[in-house]
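These protein sequence lines map, in sequence, to chains X and F.
For the first sequence, my numbering puts the final residue at 160, and the numbers step up evenly by one.
For the second sequence, my numbering puts the final residue at 139, and the numbers step up evenly by one.
Hint data in this document are derived by calculation from the structure and do not stem from the laboratory.
Take the hints with a grain of salt, since some may be wrong.
As the list claims (entries may be wrong) - Within a straight-line C-alpha distance of at most 25 Å, the following computed SDA-like cross-link-like pairs (lysine to any residue) qualify: (1) F:K126 to X:V62; (2) F:K126 to F:R65; (3) F:K126 to X:T71; (4) F:K126 to X:F66; (5) F:K126 to F:I70; (6) F:K126 to F:A110; (7) F:K126 to X:R155; (8) F:K126 to X:Q20; (9) F:K126 to X:M69; (10) F:K126 to F:M137; (11) F:K126 to X:L70; (12) F:K126 to X:R157; (13) F:K126 to F:R138; (14) F:K126 to X:A154; (15) F:K126 to F:L62; (16) F:K126 to F:V114; (17) F:K126 to F:L136; (18) F:K126 to X:R85; (19) F:K126 to F:V61; (20) F:K126 to X:G149; (21) F:K126 to X:A150; (22) F:K126 to F:E111; (23) F:K126 to X:I153; (24) F:K126 to X:L63; (25) F:K126 to X:L65.
Just so we're clear, the structure is a prediction, and the values are computed from it rather than from any experiment.
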Amino acid sequence: MLLVIIFTIFAAITIISAGMVAFSQNIVYSAFSLLFTFFGIAGLYVLLAADFLAATQLLIYVGGILVLLLFGVMLTHKIQEVNLSNESMRLAPAAIVVLAFLGLLSIAIYRTQWPTVPVPELTPTTARIGTLFMTDYLLPFEIASLVLLTALVGAVFIARGRVKK
Amino acid sequence: MPYILCFTVNRFMSPIPLSYYLVVSTLIFFIGMLGVLTRRNVLIILMSIELMLNAANINFIVFSYYLNSLRGQIFVFFVMTVAAAEAAVGLAVIVYLFRNKNTVNDDEFSLMRW
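Please take these sequences and the hints and turn them into a complete structure.
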């Protein structure tokens, strides 16, 4: 019962702030709501016994991606401008599409008998994740590092602007 | 510290049904989808894409927990890698576009439309 209450709190934080991200008229509010969304999702990870991933979620998303997005907000809006708002458009067709898919998925979730195994005694996941990365998933791991390197070089190259000769 | 939290949570309480988590992740995914479809600010679209990626991550971890396999968590790491790369490159593109067009409204970016 207590667990359901904790889960409800985290889920409510996540969903409400996700709605603020998508529908807030002020882009700075959107960026800061994204912070609470990431925190709520990290809480859900903790409830699901993914300890290392909860920490990673906070480090990468809150410490990396969110700061990057805030940089983007600050760089692309003139801060002295009072009006930071942006209007929503095309709401009706988008709402129809989204509601149709949402209904479909809700029926699927409700009707399916999800296969589960009994949850075992909890052990730390970090060492086992590391073993998996170094054995079964070694090639994807190396390719992921290559993807990151390429993305970094590409991002610097695109954003640095024209070099004066 | 996260491990102690996980341990106390899972040692003394019975787990809650799988479908609850699926409902939460579905809602987050469709909020993100609605954001992508309706908003015209490129930065908001980027944030909504992050929301959808996070919803997929929740699903991966839910099934990894209830099927007692760590492989779902491995995939979450790859999704996070791609999300970080996507945010870096996306921000660079947005800064470049802003420098050239002086706006972040995606209706203005119609150079490649014929």
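Hint by hint, here is what the structure shows:
1. F:K126 to X:V62: 24 Å, holds
2. F:K126 to F:R65: Holds. K126 of chain F to R65 of chain F sits at ~15 Å (cutoff 25 Å).
3. F:K126 to X:T71: 11 Å, holds
4. F:K126 to X:F66: 18 Å, holds
5. F:K126 to F:I70: Given that 25 Å is the threshold and the Cα spacing comes to 18 Å, the pair holds.
6. F:K126 to F:A110: 24 Å, holds
7. F:K126 to X:R155: Judged against 25 Å, a Cα distance of about 16 Å means the pair holds.
8. F:K126 to X:Q20: 22 Å, holds
9. F:K126 to X:M69: Since the Cα atoms of K126 of chain F and M69 of chain X sit roughly 16 Å apart, the hinted pair holds (cutoff 25 Å).
10. F:K126 to F:M137: Cα-Cα ~14 Å, so holds.
11. F:K126 to X:L70: The hint holds at about 14 Å.
12. F:K126 to X:R157: Holds. K126 of chain F to R157 of chain X sits at ~16 Å (cutoff 25 Å).
13. F:K126 to F:R138: 16 Å, holds
14. F:K126 to X:A154: 14 Å, holds
15. F:K126 to F:L62: Given pair K126 of chain F, L62 of chain F holds - Cα atoms ~22 Å apart, limit 25 Å.
16. F:K126 to F:V114: 18 Å, holds
17. F:K126 to F:L136: Satisfied, since the Cα-Cα distance of roughly 11 Å is no more than 25 Å.
18. F:K126 to X:R85: 23 Å, holds
19. F:K126 to F:V61: Distance of about 21 Å is within 25 Å: holds.
20. F:K126 to X:G149: 21 Å, holds
21. F:K126 to X:A150: Cα-Cα ~19 Å, so holds.
22. F:K126 to F:E111: Satisfied, since the Cα-Cα distance of roughly 22 Å is no more than 25 Å.
23. F:K126 to X:I153: 15 Å, holds
24. F:K126 to X:L63: Roughly 21 Å separates the two Cα atoms, so the pair holds.
25. F:K126 to X:L65: 20 Å, holds
Hint check: no violations occur; every hint is consistent with the structure.
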